[in-house]
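Chains A and B are the protein sequences, given in the same order. Per the working numbering, residue 1 is the first one in the first sequence, and the count goes up by one each step. Per the working numbering, residue 1001 is the first one in the second sequence, and the count goes up by one each step.
Note that these hints are calculated values from the structure, not bench results. Take the hints with a grain of salt, since some may be wrong.
[Said to hold, decoys possible] Listed below are the simulated SDA-like cross-link pairs for lysine to any residue, each with C-alpha atoms no more than 20 Å apart in a straight line: (1) A:K253 <-> B:F1302; (2) B:K1253 <-> A:D294; (3) A:K237 <-> B:D1294; (4) B:K1253 <-> A:A296; (5) B:K1253 <-> A:L20; (6) A:K253 <-> B:D1022; (7) B:K1253 <-> A:D22; (8) B:K1253 <-> A:G23; (9) A:K253 <-> B:L1020; (10) B:K1253 <-> A:P121; (11) A:K253 <-> B:G1023; (12) B:K1253 <-> A:H299.
[As the list claims (entries may be wrong)] Simulated coverage check for chain A against chain B, where a stretch passes if three residues somewhere in it have a Cβ under 8 Å from a Cβ of chain B: (13) 168 to 181; (14) 191 to 202; (15) 236 to 243; (16) 262 to 268; (17) 287 to 299.
Note that the coordinates shown come from a computational prediction; the quantities given were computed from them, not determined experimentally. Ideal Cβ placement from N, Cα and C applies to all residues, glycine included.
There are 2 protein chains.
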Amino acid sequence: MSDDQRFGLARHVSLAEPLLLDGGATLGPVEIGYETYGRLNDDRSNAILICHALTGDQHVASAHPITGKPGWWARMVGAGQPIDPARHFIICANVLGSCMGSSGPPTIDPATGEPYAMRFPVITIRDMVRAQAMLIDHLGIGVLNAVVGGSMGGMQVLEWAATFPDRVRSAVIIASAARHSAQNIAFHEVGRQAIMADPRWRGGYYYADADPPASGLAVARMAAHITYLSESGLTEKFGRRLQARPDNASGVKSFGFDADFQVESYLRHQGISFVDRFDANSYLYITRAMDYFDLAEEHNGFLANAFRGTRTRFCLASFDSDWLYPTSEARLIVHALNAAGAAVSFVELSSAFGHDAFLLDVPELNRVVDGFLRAGEA
Amino acid sequence: MSDDQRFGLARHVSLAEPLLLDGGATLGPVEIGYETYGRLNDDRSNAILICHALTGDQHVASAHPITGKPGWWARMVGAGQPIDPARHFIICANVLGSCMGSSGPPTIDPATGEPYAMRFPVITIRDMVRAQAMLIDHLGIGVLNAVVGGSMGGMQVLEWAATFPDRVRSAVIIASAARHSAQNIAFHEVGRQAIMADPRWRGGYYYADADPPASGLAVARMAAHITYLSESGLTEKFGRRLQARPDNASGVKSFGFDADFQVESYLRHQGISFVDRFDANSYLYITRAMDYFDLAEEHNGFLANAFRGTRTRFCLASFDSDWLYPTSEARLIVHALNAAGAAVSFVELSSAFGHDAFLLDVPELNRVVDGFLRAGEA
Chain A
1 MSDDQRFGLA RHVSLAEPLL LDGGATLGPV EIGYETYGRL NDDRSNAILI
51 CHALTGDQHV ASAHPITGKP GWWARMVGAG QPIDPARHFI ICANVLGSCM
101 GSSGPPTIDP ATGEPYAMRF PVITIRDMVR AQAMLIDHLG IGVLNAVVGG
151 SMGGMQVLEW AATFPDRVRS AVIIASAARH SAQNIAFHEV GRQAIMADPR
201 WRGGYYYADA DPPASGLAVA RMAAHITYLS ESGLTEKFGR RLQARPDNAS
251 GVKSFGFDAD FQVESYLRHQ GISFVDRFDA NSYLYITRAM DYFDLAEEHN
301 GFLANAFRGT RTRFCLASFD SDWLYPTSEA RLIVHALNAA GAAVSFVELS
351 SAFGHDAFLL DVPELNRVVD GFLRAGEA
Chain B
1001 MSDDQRFGLA RHVSLAEPLL LDGGATLGPV EIGYETYGRL NDDRSNAILI
1051 CHALTGDQHV ASAHPITGKP GWWARMVGAG QPIDPARHFI ICANVLGSCM
1101 GSSGPPTIDP ATGEPYAMRF PVITIRDMVR AQAMLIDHLG IGVLNAVVGG
1151 SMGGMQVLEW AATFPDRVRS AVIIASAARH SAQNIAFHEV GRQAIMADPR
1201 WRGGYYYADA DPPASGLAVA RMAAHITYLS ESGLTEKFGR RLQARPDNAS
1251 GVKSFGFDAD FQVESYLRHQ GISFVDRFDA NSYLYITRAM DYFDLAEEHN
1301 GFLANAFRGT RTRFCLASFD SDWLYPTSEA RLIVHALNAA GAAVSFVELS
1351 SAFGHDAFLL DVPELNRVVD GFLRAGEA
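Could you build the full structure based on these sequences and the hints that come with them?
Dropping the structure here:
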């Protein structure tokens, strides 16, 4: 099976079968950029699908092709980690709407020979999951041992369990929610308006030259980054400490508008470095999909309906300092799973670093995921 | 005294004496736009200075000249209110750096005959207060019966008490803080970057034509507005309710990028309506002043030092859902005042509406302020 060209790093597939989207449009072919790690066992029972967050990608445990940085979840996926290529066949696919090889605004529309840009149809989290299911079919896998994700990845895991209950043995949902709150929507809307206010956005049709709306996208990223860290995390990391600069001995304010405070410098760096690896239109489409997400609404207003009769095992983890997807949102999911009679374990972990904690070094999170996966494989 | 041209609505004064700023620069003349309400009594003991917030102005209880809306604090200042022109001589001045008649970036620099724009010196909260003290001198008032303010207004009240302790009999600080946190700075920096990313900003020199960086300023305002409401306030006000539009029957998603959710529509309105009444450069300068504010730092790192030996009476109020200047920040001030042996009363009020609550209809706040002021006048 190691010669199977479907498996390995930096894979791409074009699936001809058209995908009917929640918005009513049809997308085809469906392009998917993905990677696999490890070896699919003979009874095809060791596959784990990792779902990435808003600006993530398929490079969960391999170097990013643009930035050269290590995989975004090498702390969770890799040799000796809870999700281990020595035991698991690991799949991670770029989500629909994104810009790393899966169908999204920058993809060439076969009907016109031009990038879709804003002609790309608006998608939902469920559409992303349906596209992933097409990939799993293509890989010849019926049932996934586990689907695992944090943040928007966790939303996809919930959709997997709700939409394909018989194909998910175990579901791990970290730092996530079953719906987007008014505040979540508000932050995304600020980011979208920042992009669309950039004259270089040009209604989304900016692919012909190398002049994308980088300024607007950087501002969007800066606003989002505030929500990824907690107030206490920002205080611990930066406080009111001043930036050391050639013309500004540490501890002296410049009385100007350069980045005086370290937190300003951090945000500017986050904004500027992001635009090299991400597409502004993709940011619009994926944030829209997240804002539309409300799993209860998809099931007659009752979240428990999403999980009736499920045999999937669930594991949820939240962080006490996460104000983007706080523990209260995880509890709503747990209560719904209880009402549906599902097997569920839940833990709130302690971290100073807010939402970002799921990507950081949190040994307790690894122990939780490891224990849950091993119990399901016993 | 009613014929005194210094008193009344829509006043303006140009004070020739140069003001030495914290940043080392000198500003002169100092222009101040202000209003007074009520009558200064014979022993000049009934003057109350109101300090406004970031985007506020001198029209505390009179119609705004651009928007035509009622004064921004008519709920607190007016006939039958805690601060009443029948009893008090009320002064409210546009802060230094702003754009409603006081010296700021849009003001003509006498040295060049052009607007200062980004040649305006960076200012501090203490500079704002020093300019106000010059106005109070000009009005012939020695001691203020009270200085009252919310949000950035509260910072000015703290500076008044620290810088001119003998001129402030009573100080009322609402929904404020003695320093700007890393998260506060982060939100302001996003706003500044949104303005400076707008190509129409042109380094700040945009006054020659009628084409200011309105898009960037609107995005800045949207980001700020998220911090003015609490998560619960946003949920109560908007939740995930959809916007009714001609092409979008209520409750149906458009699968597009127009404002589908009511919270999106609200934020866009806040952004768009703001740019008609506010200057983008002023927004840069005033947010900078707030970020620089750290009253403890100005007093060798000990907040209590700011109030040693004070005879001013203090009243502090915070709101339980305010996450911009949470109750914990008010407590730090109260502890410092206690350590300094000052007379202080403190109350945390309950409201669903976060930081904005100080501008809304909160009868309890009015009772607190009324009781405190009357006790000082007894």
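Original post:
Of the numbered hints stated previously, which ones are contradicted by the structure, given in increasing order?
Top reply: none
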